[in-house]
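J.: Following the hints, put chain B in place on chain A, whose structure we already have.
Chains as they are written, first to last, in the numbering used here: chain A, 29 to 150; chain B, 29 to 150.
You may find that some hints are simply not true.
If chains are identical, the list can't say which one is meant, so a pair holds when it fits in one copy or spans any two.
Claimed, not checked - Capping the alpha-carbon separation at 30 Å, the derived lysine-lysine pairs in BS3-like fashion look like this:
1. K32 - K138
2. K38 - K138
3. K138 - K80
4. K81 - K138
5. K139 - K32
6. K32 - K81
7. K80 - K32
8. K38 - K88
9. K87 - K38
For the record, the hints were derived by calculation from the structure and aren't laboratory data.
Protein chains: 2
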Amino acid sequence: MTKKISRLLKQGQFSVNGSLWLEGDGLRFFGPGPVELLQLIQETGSINAAAKKMQMSYKKAWQLVNNLNAMAAQPMVITATGGEKGGGSSISDEAMQLIDYHRRLRERFKKFLEEETRQLTG
Amino acid sequence: MTKKISRLLKQGQFSVNGSLWLEGDGLRFFGPGPVELLQLIQETGSINAAAKKMQMSYKKAWQLVNNLNAMAAQPMVITATGGEKGGGSSISDEAMQLIDYHRRLRERFKKFLEEETRQLTG
Numbered sequence: 029m030t031k032k033i034s035r036l037l038k039q040g041q042f043s044v045n046g047s048l049w050l051e052g053d054g055l056r057f058f059g060p061g062p063v064e065l066l067q068l069i070q071e072t073g074s075i076n077a078a079a080k081k082m083q084m085s086y087k088k089a090w091q092l093v094n095n096l097n098a099m100a101a102q103p104m105v106i107t108a109t110g111g112e113k114g115g116g117s118s119i120s121d122e123a124m125q126l127i128d129y130h131r132r133l134r135e136r137f138k139k140f141l142e143e144e145t146r147q148l149t150g
Numbered sequence: 029m030t031k032k033i034s035r036l037l038k039q040g041q042f043s044v045n046g047s048l049w050l051e052g053d054g055l056r057f058f059g060p061g062p063v064e065l066l067q068l069i070q071e072t073g074s075i076n077a078a079a080k081k082m083q084m085s086y087k088k089a090w091q092l093v094n095n096l097n098a099m100a101a102q103p104m105v106i107t108a109t110g111g112e113k114g115g116g117s118s119i120s121d122e123a124m125q126l127i128d129y130h131r132r133l134r135e136r137f138k139k140f141l142e143e144e145t146r147q148l149t150g
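Chain A on its own, in the form it takes in the complex (with noise of 0.2 Å):
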């Protein structure tokens, strides 16, 4: 049934895309912005470094981080405050676990997303 609908579209490029994230009691907390937060984290050692790359603001960026540490059993970012060199934060091994998961989460979604699109023009 699937193979001949292409027949009601018009000649062009066509394909089923769409976007995935996971829930924790009905919140959205991981997804591929967190993803990329998270490993900015990582690189800067700074929330708010992290935040102007993405040009993200500081609130949202917090909020987000918020969420995650709250989901997770252990938390994903620590954040290091006072001290002589002020804080810095870092993320957790769990965190590290929970971005190669997600990767390849996305690489499992991508290739549905693949095959139905050979569905839908094939």
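T.: Using the frame of chain A, we list chain B on its own:
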């Protein structure tokens, strides 16, 4: 590897969720919104009445219809202008086929999400 991802998260209701749409030449033109709009056009015989039921602006509804007609080999929404009753709109057989394709696509996506949720939480 993924089967242990749940230990990174707190106790709670976790799931993988997402959204899906069709793109033509990079433009999003079909998904749950347009499907609902088409079904309501068929039900009411009117784009404006359908928009109202969805609490969508007329402008937005007409834009969705125009985008859809622009991507389709044959018009998906047929608007009869003039005449004694002043027109009225209906959807084509092709639109019904596209809606049916979309329903099956959503079922496959639902299965994908359910399987990923099982892996995440299992």
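J.: None of the hints should be skipped; say for each whether it holds.
T.: Checked hints:
no.: 1; hint: K32 - K138; in the structure: both (22 Å within a copy, 22 Å between copies)
no.: 2; hint: K38 - K138; in the structure: both (24 Å within a copy, 28 Å between copies)
no.: 3; hint: K138 - K80; in the structure: within (29 Å within a copy, 36 Å between copies)
no.: 4; hint: K81 - K138; in the structure: within (26 Å within a copy, 35 Å between copies)
no.: 5; hint: K139 - K32; in the structure: both (21 Å within a copy, 22 Å between copies)
no.: 6; hint: K32 - K81; in the structure: neither (45 Å within a copy, 32 Å between copies)
no.: 7; hint: K80 - K32; in the structure: neither (47 Å within a copy, 33 Å between copies)
no.: 8; hint: K38 - K88; in the structure: between (41 Å within a copy, 22 Å between copies)
no.: 9; hint: K87 - K38; in the structure: between (45 Å within a copy, 24 Å between copies)
Comparing the model with each numbered hint stated earlier shows that hints 6, 7 do not hold.
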